[in-house]
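Kindly generate the complete structure, drawing on both the sequences and the hints.
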Amino acid sequence: KWCLKGQILMTELIEKLEYFLADRGIYMLALILFGISIYGMIVCGNYLKKLMCMNMMQVAIIFFFLTFGQKEGATLPVAMNQISSVDAYINPLPHALMLTAIVVSLGTTGVGLALLMRIKDIYGTIEEDEITGKGGKLR
171 KWCLKGQILM
181 TELIEKLEYF
191 LADRGIYMLA
201 LILFGISIYG
211 MIVCGNYLKK
221 LMCMNMMQVA
231 IIFFFLTFGQ
241 KEGATLPVAM
251 NQISSVDAYI
261 NPLPHALMLT
271 AIVVSLGTTG
281 VGLALLMRIK
291 DIYGTIEEDE
301 ITGKGGKLR
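Residue numbers for the sequence shown, in my numbering: 171 to 309.
Because the hints were derived from the structure by calculation, they are not lab data.
Among the clues, some could well be false.
Claimed, not checked - Cβ pair distances, simulated, as ranges:
no.	residue 1	residue 2	range
1	182	283	47 to 53 angstroms
2	286	192	15 to 21 angstroms
3	242	215	43 to 49 angstroms
4	243	190	19 to 25 angstroms
5	286	180	46 to 52 angstroms
6	209	238	19 to 25 angstroms
7	293	189	28 to 34 angstroms
8	189	274	34 to 40 angstroms
9	235	285	47 to 53 angstroms
10	180	290	50 to 56 angstroms
11	182	243	26 to 32 angstroms
For each residue, glycine too, the CB sits at the ideal point set by N, CA and C.
Right, here's the structure in full:
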């Protein structure tokens, strides 16, 4: 008797979880990716890993905004003779803004890599502890 009630409750819980993930799971994925990247930026002592985590964070934000701009049953914002309602199209503004964000992301990555090369030339390492003197000798 108790086993049957527990099984029914578990089935209902799984159904609710499946509905939540199907409805909002894509946002959870963006949130998890953002959280992992923040954690990596805080924990990693290597500047290249920090730069990679910064790129992951930018990807998570771009991914969130691109999925946020979607509408169920909508089509691309290209004028078609069959469609006369504005509601039938997705909003193109988030896509245009995120295209700009991708270009900025590439620029910051390039500048970051150039700075890392200079840091490696000057200090001989890209480890934060060795450069700041907390974990090793300064060169």
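Cross-check of the supplied hints:
1. 182 - 283: 47 to 53 angstroms: holds, 51 angstroms
2. 286 - 192: 15 to 21 angstroms: violated, 41 angstroms
3. 242 - 215: 43 to 49 angstroms: For residue 215 against residue 242, whose Cβ atoms are near 44 angstroms apart, the range 43 to 49 angstroms holds.
4. 243 - 190: 19 to 25 angstroms: For residue 190 against residue 243, whose Cβ atoms are near 21 angstroms apart, the range 19 to 25 angstroms holds.
5. 286 - 180: 46 to 52 angstroms: holds, 50 angstroms
6. 209 - 238: 19 to 25 angstroms: Cβ of residue 209 to Cβ of residue 238: about 23 angstroms, so the range 19 to 25 angstroms holds.
7. 293 - 189: 28 to 34 angstroms: At 53 angstroms between Cβs, range violated.
8. 189 - 274: 34 to 40 angstroms: 36 angstroms Cβ-Cβ, so the 34 to 40 angstroms window holds.
9. 235 - 285: 47 to 53 angstroms: This hint is violated: roughly 27 angstroms between Cβ atoms.
10. 180 - 290: 50 to 56 angstroms: holds, 54 angstroms
11. 182 - 243: 26 to 32 angstroms: holds, 29 angstroms
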